[in-house]
Every structure is written in structure tokens, then in C-alpha cells.
Amino acid sequence: MRGHPASQAAKCIILRVRTAKKTTRHVPAVVPGDRRVDLGAVRALFNARYVGFSTAATAERLAHAVPGTVLPFAFDPDLELVADPAVIAQLQLYFNAARLDRSAAVSGADHARLAQPRIEPIAGPESGAARETTPS
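Note that the numbering used here numbers the sequence shown so that position 44 is 44, with each residue one more than the last.
Derived from the structure by calculation, the hints contain no laboratory data. Just so you know, these numbers come straight off a predicted model, no measurement behind them. In this text, a Cβ means the ideal position worked out from N, Cα and C, and glycines have one as well. Any given hint could be a false lead.
Claimed, not checked - Label pairs and their computed distance ranges (CB to CB):
#1 R61 <-> L100: 14 to 22 Å
#2 F75 <-> L100: 15 to 23 Å
#3 T58 <-> P125: 24 to 32 Å
#4 A109 <-> A44: 41 to 49 Å
#5 T23 <-> G3: 42 to 50 Å
#6 R18 <-> A57: 14 to 22 Å
#7 S103 <-> K21: 35 to 43 Å
#8 R113 <-> L79: 12 to 20 Å
#9 K21 <-> Q92: 22 to 30 Å
Based on the sequences and whatever the hints tell you, model everything.
Structure below.
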């Protein structure tokens, strides 16, 4: 819709990470728009018992934005932002600016400098529509 490759979009998902029976934290995870969050990689990263998606209400409360417009930044000191290296590698990175009708652009390097995410490989394979098929 914005006229750029999906790989240049910063997709931010709020995850629920359970590290112990009674300990749960929420983690904003940023991956390229054509990839999915690898929940297994996040589980291993935090040595967690369970990783799943936060409810829409929880994500909205923590991100101060509706799902689909979550910024690839963490403004709450209790949230540890994690970004895939492929996000940081983008020369131009696009994301919804906390609303569905506005977008912002920044370089991946500037995103890393401003957001100061924990940079870890958390992106899974390309998602369905963006996946290229190779002839057999």
C-alpha cells in the first residue's frame, strides 16, 4: 500500500513471555513486514516456558496504539524491545505512525540508535504472500 517492498516495513508485535510459573512479561518484537515472529526463537532468547501473542487490549494498553499501528519503539521502561537484524539492516524502514492513515520512515540504523532495541534473530521465514517459489 505504501509503494515499498514489504521487507522494508517494521512490523511490531507485542508478545506475552512467561519465564516462570507466575512470571510474565510483555516484549515488543520488531520483524520485517514480510516475515513472521519466530516464537521459538523468542522463547529460547528469554529462556521462557511459553511465548504467545498478547491480547489486543493488552497490546493497546502497553503500546498506546491500536493493533496494526504499534510503533517499533518501547516507551515503557518495563518493556524490552527486541528487533531482528534484518530490520536494522534496512536503508529505509517504514511503519504506521500510531494510526492507520499515517506512516513514517527512518533508516534501520537510525531506528537502532533511537529505539535502542536488543538486536536478536527473531524473524521466521517469509510469510505466505511474500514467499517466493522456486521451481523443482
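Going down the list of hints, with the structure as the test:
1. R61 <-> L100: 14 to 22 Å: Since R61 and L100 have Cβ atoms about 18 Å apart, the given range 14 to 22 Å holds.
2. F75 <-> L100: 15 to 23 Å: Between F75 and L100, where Cβ atoms are some 19 Å apart, the hint holds.
3. T58 <-> P125: 24 to 32 Å: holds (27 Å)
4. A109 <-> A44: 41 to 49 Å: violated (27 Å)
5. T23 <-> G3: 42 to 50 Å: Holds - the Cβ-Cβ distance for T23 and G3, about 43 Å, lies within 42 to 50 Å.
6. R18 <-> A57: 14 to 22 Å: holds (18 Å)
7. S103 <-> K21: 35 to 43 Å: Hint holds: Cβ distance 41 Å, inside 35 to 43 Å.
8. R113 <-> L79: 12 to 20 Å: holds (18 Å)
9. K21 <-> Q92: 22 to 30 Å: violated (43 Å)
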